[in-house]
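Chains as they are written, first to last, in our numbering: chain A, 1 to 689; chain B, 1 to 456.
Treat the hints with care, since some could be wrong.
[Said to hold, decoys possible] What follows is a set of in silico ranges between Cβ atoms, one per label pair, in the way DEER data are often shown:
1) LEU686(A) x ASN159(B): 21 to 31 Å
2) ILE613(A) x LYS417(B): 50 to 60 Å
3) LYS423(B) x LEU682(A): 46 to 56 Å
4) LEU686(A) x LYS417(B): 45 to 55 Å
5) ILE683(A) x LEU445(B): 55 to 65 Å
6) ILE635(A) x ILE453(B): 46 to 56 Å
7) ILE683(A) x ARG251(B): 14 to 24 Å
8) ILE453(B) x ILE683(A): 36 to 46 Å
9) SER624(A) x ARG251(B): 40 to 50 Å
10) SER624(A) x ILE450(B): 48 to 58 Å
11) HIS644(A) x PRO277(B): 18 to 28 Å
12) VAL413(B) x LEU682(A): 36 to 46 Å
[Stated by the list, open to error] Heads up, incomplete: computed chain B residues facing chain A, CB under 8 Å, no partners named:
13) LEU71
14) LEU75
15) ALA148
16) ILE185
17) PRO213
18) ASP214
19) TYR268
20) ILE271
No lab work stands behind these hints, which were simulated from the structure alone.
Since the model is a prediction, treat every value here as computed from it, not as a measurement.
C-beta: ideal position from N, C-alpha, C; glycine also.
The chain contents come next:
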Amino acid sequence: MTEALLLAWLGPYIATFMVLILSKASWKAKSIIAITGILSSALASTLGLLELLTGHEPHLSYTWIKTLGVNIGVYFDGLSTLMALVVSWLSFLIAVYSYEYMRGEGGETRYWIFFTFFVGSMMLLILSDNLLAMFVGWEGTGLASYALIGHWFTDEEERWVGDPGRKALGIPMWFEPSHSGLRALTFTRIGDVGMIFGIATLHTLLGTTLLSEVSKATWASRLFTAGVLPAFLWLLFLGAIAKSAQFPFHEWLVTAMTGPTSVSALIHAATMVKAGVYFLLRFAPFLVAAHLALNAIGAPNIIPSFLESIALLGAFTAFIMATMAIVSRELKLVLAFSTASQLGYMFLGVAAGTLAIGSLGGLASGFSHLMSHAVFKAALFLAAGAVIHAVHSRFIDDMGGLAASMKLTTIAFLLAALSLSGIPPFAGFWTKDEIIHLTAEDGLVIPTILAVTTAGLTAIYTARVFARVFTGPPKSEHVHEPRPAMLVPYLFLGVLSLLLGLAWPILNTGIEGLLEHTLGVQGQLRLTEHTGISGATEATLTLALGGFLVVLYLYSSKKWTPYPRIQASKLLSSLHGFLYDRWYLNAVYYRTIVAGFQALSSFTSKYIDRGVIDTFYHRVLPASFIALSTSTRLIESAYDAILHVKLVNGFKALWSGFKQMQTGRAPHYLIYFWLGFSIILLIIILWVI
Amino acid sequence: MTTELLLASIIVLFSSMLLTLFLERKHNISFTITIISLGLASILNGISLLNPPSQPIGEVSTDAFSQALLLIALLDMIIALIGFRDPSREYKHPGGLFLLVAASVLGLLGIAWSGSILMLFASWMLFSVSSYALMAIPRDGFSASGAAKYGLMGLAATNLFLLFLGILVSSTGTLSLYTHTPLAITTALGLMTLILASVGFKIGVFPFHAWLPDAYGYADPLPISVIAPLSKTATVLVLYKLSVTLIPSARDLWTLLFGTMAVLTMTYGNITALLQPGLQGLLAYSSIAQAGYLLIGVASLAIQGGETHRYALYGLAIQLLAYSLAKTGLFLFAKTLRKKEGRPILLNELGGLGQVDPLLSASVAILTLSLMGMPPLTGFWGKLYLFLAPASQAPWLTGLALLNTGIAAAYYVRLIKALYWGKGEPKPSYPATTAAVKILAVLTLITGVIPFILGP
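Let the hints inform the model, and build the full structure from the sequences given.
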């Protein structure tokens, strides 16, 4: 029953609709509907995997818009199947968690509507066989993200992100949910504009947006000869860059933490932000094909230099986000920075992998880290949700010593944290190691240095947050483990992270084998010409292990509190402030871009809208019509006079003239008779003659 | 067959005349006899309408058009007679009224059946004299003066008619009406002017119209209800019969002459009707204007090509139908409100009739609207075809006619306004007469459907 595969994205959408119409039902009923919808999606994805394992790629396609060549359906190739599995099963686990986490929190119907809508859109995005349907899913996830970030739009202070009252360069650095929702939408929208440009260009060139057509890369040489290929590439990938919170679009992900933690786990850690990475993974084989095409016409450097730029962007993003994480005071913010940082790693992985060994390399390294990150970051976020619920605060200053009362949560968090830090044998170690290895092999100096440093920083901030939350003296009472519906998902994910790592050698081969079935994958190919750097992975492992252990020791055993010492030193405190205010980037954006547009808008409103247009419509136009009608009044009165006075008088005069002919005397009548007759006769005869 | 029908009709009408003469005292019987004879004549006429003879037979010849006009006139007369039942009791010689009606109809019959000059002349004289006498029958001062003026003008006109006939006979060399001898242009023109004067005066062609406003405007309206439609019918028939001989010799000039006279007539009639204070005066000038419209139809007879001839004949027939029904009705209505031997009523005195007798007012309104040319009443169709006929070759005629129709609307509306918006308590008398008016209104409505069924 191949049509059942459609449930992969249709199931959640059906659940959305049903929750909508059953909005008056109980929390339990709605949750069950939603969870069932998502479970159907997960099962369909698994079915797709089983089909793929038999060696045949399921592909269902129904024509949607004939003229644009847009189909709707499912396409289960290697990449999309694996991605669908990760997304749908994680969504299922987090949905189960949400049932307990969001109970009694308000906005029940809204939550499930957008949750399921999100999952449906994400699955549609992953499983589309053409760019337009993918874009529909893309935008759907954006909408759901906006709605869910702003879920508590009533903006109570406990829902904010940031320190209330803190300003950087005059710009407030605390964010309410409604504000954050708007930020998320705006930042990602800018990227989407570029993406639409790219998709439209492809459609114009190819007449269709089918991925199978795009994979043939005929567009590459045509765009190159037109001289617009680099611009096209940057525009096309701008959507992915913004969606995955790479520099300079990373700001929205930070403030997205105003949403419920389950949402943060699902959308902003495990799935939606990975959409950009997915886009990059999808296009990796196409870029290689493009490179081959361009090679033939003598432009062998365009694709490699583009990939190198992507690699640098990813590495840079990873680095700056890690620096922001080490000074953060909010539990979810540390995790958010961490997510953006790891996304940078994924971008680096895809780019570096493709450069080193062709599309399969990029696919393997990028996807592997995507998967392992999804697992451990979801675990971390879900556990953080449990902690924040227990302590009723988002600040780590209010947490401490929770290991005693929340044992299982501690274990889950620790397992995931070790994976994040890249400690063997956890999955995170293997995937991060692969990425750094490939980067070094490509000979990309700056990205390698940044990646290695970031690995160290990652271990440091992870250890810091673990120690501050779970070790040390307890700061609050009455903390206890959450109920199983919440606990089981993240405990499971934490353990999974370890198990994946332990099974990695076998798993890796399996994944690579499946990925070979991806659209457009070619054989091995080295795109870069640099020589490799050695020693990178060793350095990484050393820094990670060392950093983690040292910081854990300092914070837990030695009860280290570095903050007062930092405040004392002028240099350190300004550095701290710089990092705390996110390199002042948010402030700069608001002061230049936001303020700039505001100024433009008010200028236009005041001078053009009110000054020109309003004046025209409400002063100039009425005045001219009044003048016109006043002038026509003159003509009117003359015309009126003619009709109502002169004409009437004329007729009256005629009438009285005629009336006078009737004298009443017969002789006069006879005279009329004879006279008239004679005159007529005369006239006629004269006429003829 | 044809001559038998003719003979039968003549016998029927003549016998009714005789009987009425002797049975003068017995009012009801003479009334009934006249109606029956008219009915019989209609039936005979109907038969001959369905099988018109194609060839002139001796001195007699007729065709579908003539028979149709005759039928219209006969039906109109029957209803008019119904209206005569009550008022005629007040006359000194009611028998005479019925006799003269029969005589006029006989004259009309003769004109319709005429095929030679002699027959035409005889019939025309019978008709004319009957109508002069008819107008005088009521024996009051107004009627007497009106009849006198009518008769006097008729005398002058008959002179010219004889002159006309003389010249015609000497030019064509035959007494038959259906010759095709070409005439010299001057002769033809002279003949046209003569006939225009001699028969045109009867319908009110300017400048021969002068008697009409005094006669129709002041005399007892009862006879006028018969004279007005019959005169128009008779004149149109005469012009039609003579056109066969005259038109071929002077085609464009016929249209020009008759067209110009038509324009003068209708303009004069319409303008002078605008502010008339009296009901009958308004109707009189309206008759003059209607004569102008009919002359347009006559003028179009000369236009060759396409549908014109058929439209003209059809238009004449329908317009005469509408006119007969309307004028009979309106003059009968005038009789219902006029006191015995009283003066003609004013428009102001009509006020309040809408409340007093809504049905009567509605009937009068319908008849007026028909004259105005309001669709879908009969008058509209008549005007439509009359004005359509010259449209291709002589559009100036059509244009001026339309303009005049617009001017005419003004005084017809005055009449309707007087009915409904005035104040007062008029008391119409003579129930049979009012009934006749209502019947005529209904007929106007019904006959409005004819053009859909029976086209040109």
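Comparing the hints with the structure gives:
no.: 1; hint: LEU686(A) x ASN159(B): 21 to 31 Å; result: 24 Å, holds
no.: 2; hint: ILE613(A) x LYS417(B): 50 to 60 Å; result: 53 Å, holds
no.: 3; hint: LYS423(B) x LEU682(A): 46 to 56 Å; result: 53 Å, holds
no.: 4; hint: LEU686(A) x LYS417(B): 45 to 55 Å; result: 46 Å, holds
no.: 5; hint: ILE683(A) x LEU445(B): 55 to 65 Å; result: 44 Å, violated
no.: 6; hint: ILE635(A) x ILE453(B): 46 to 56 Å; result: 50 Å, holds
no.: 7; hint: ILE683(A) x ARG251(B): 14 to 24 Å; result: 19 Å, holds
no.: 8; hint: ILE453(B) x ILE683(A): 36 to 46 Å; result: 44 Å, holds
no.: 9; hint: SER624(A) x ARG251(B): 40 to 50 Å; result: 60 Å, violated
no.: 10; hint: SER624(A) x ILE450(B): 48 to 58 Å; result: 57 Å, holds
no.: 11; hint: HIS644(A) x PRO277(B): 18 to 28 Å; result: 22 Å, holds
no.: 12; hint: VAL413(B) x LEU682(A): 36 to 46 Å; result: 40 Å, holds
no.: 13; hint: LEU71; result: 33 Å, violated
no.: 14; hint: LEU75; result: 33 Å, violated
no.: 15; hint: ALA148; result: 7 Å, holds
no.: 16; hint: ILE185; result: 6 Å, holds
no.: 17; hint: PRO213; result: 5 Å, holds
no.: 18; hint: ASP214; result: 6 Å, holds
no.: 19; hint: TYR268; result: 6 Å, holds
no.: 20; hint: ILE271; result: 5 Å, holds
Checked against the numbered hints given earlier, this structure breaks hints 5, 9, 13 and 14; the rest are met.
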